[in-house]
Amino acid sequence: MDNTVDARGLSCPQPVLITIEQIKKMGKGRIAVLVDTDTSRENVARAAESQGWHIENIEPDGIGYKISISKE
Amino acid sequence: MVQIKSFFATRWGIVSVGAFIGIFAALLQKLGNPGNMGICVACMERDVAGAIGLHRAAVVQYMRPEIIGFVLGALLSAYLFREYRPRAGSASIVRFFLGVFAMIGALVFLGCPWRALLRLAGGDANAILGLAGLIGGIWIGVLFLKGGYNLGRSSQTHSSAGWLLALMMAGFLVLMLIFPQIEGEERSGVLFYSVKGPGAMHAPLFISLIVGISVGFFAQRSRFCTMGAFRDLILFRQTHLFLGVLSLLIFAFATNLILGQFNMGFTGQPVAHTMHVWNFGGMLLAGLAFALAGGCPGRQLFLSGEGDGDAAVFVLGMIVGAAFSHNFGLASSPAGVGAHGVAAVIIGILVCLFIGFTMREKSA
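Quick mapping for you: the protein sequence lines, in order, are chains A and B. To convert, note that position 29 of the first sequence is 29 in the numbering used here; the numbers rise steadily by one, no gaps. To convert, note that position 352 of the second sequence is 352 in the numbering used here; the numbers rise steadily by one, no gaps.
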């Protein structure tokens, strides 16, 4: 995993903002985004797809989720 | 369960929820709620503030069951779908003041974003100014978000801490059942009721409650948010939430046409005034406050139901803001802006700018 974005505890729209910031910084590669609400899980996944990134996996992580996204 | 869960995250999910709110809001008006106010989170919280005597504006006192239902419905949905997340501690005091000034702004316009849409769907052209102000306020909020504005992280808390606003709402419902409205009386036990004016106009209690619970349930699932709709459009060019708002507007309009509740124009509109600058200005303040707090007033109620203690503090701020609005003569009436409404909007915008400029805490 190249990078981890920790969006836990952040309210809307911060998780999406910092995920997109990381996506723009990297251009391609793999990112793990940690979120703690279902709203953030949906929003981050939706935003990553709209940026042309692929959702590899979403798995439970503590009380929240770890979303793995990638772009070749 | 998983299928239902994913449906609400889809485009059709959010459109269905917007349609549900639009249709039932128009129906609640038909069943007795005030004109173009089938559902208005700001007005209804203002009426709740009046019902418990935080302000004594005689025409706007009623314990609105819709508000109670929104929180309880969201709580139910969050538990049923395992999304209940008790959390708190993200600059609560800031959220309280954002709630206060959001309400002050909304009551200068006379409505929350939901009612702005419902007013437009009922033909009230003044709502165009309100919606323009709302979008302007959200746009300023987006500039702050882009500049690094951030209220910091919340942290996990006790399950019971996340229930508190829902318990308060359940308590309000119990009070309403113990002290029901008495025909022609301004008071029943500890609760205040309006004998005339918008506060005296309401759908039957249990219908309001059931619609409220249903809206709370579906809106929690779909993350319906009128502020988020415009914010995501401006910030990310994303249309997901906006489709829900558009759906609310279209279905409320269609239902109004069918029920004969559509009446186009600026003047003679129910619970509205025609001071364009302050319809715009009031909602500019409200939109900015919602954007800085991360949700429209409806969304803050649904978040409270799923355990967000910071959203609950925003709601309490709005209820207190309603008390200031009526006690200090800030709220508008059909005659126009209140005696000190303009000053309050200017102060509110300054407070929001202060918050936006100074709170750029790093999230890490």
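Don't read these hints as lab results, they were simulated from the structure. Each hint should be verified, as a subset may be incorrect.
Only pairs whose alpha carbons sit at most 25 Å apart, straight line, appear in this in silico DSS-like list of lysine-lysine [stated by the list, open to error]:
no. : chain 1 : residue 1 : chain 2 : residue 2
1   : A       : K25       : A       : K71
2   : A       : K66       : A       : K25
3   : A       : K66       : A       : K24
4   : A       : K24       : A       : K71
5   : A       : K25       : B       : K30
6   : B       : K196      : A       : K24
7   : B       : K196      : B       : K30
8   : A       : K28       : A       : K71
9   : B       : K146      : A       : K28
Worksheet item: Which hints, by number, does the structure contradict?
Response: When the structure is compared with the hints, numbers 5 and 6 turn out to be violated.
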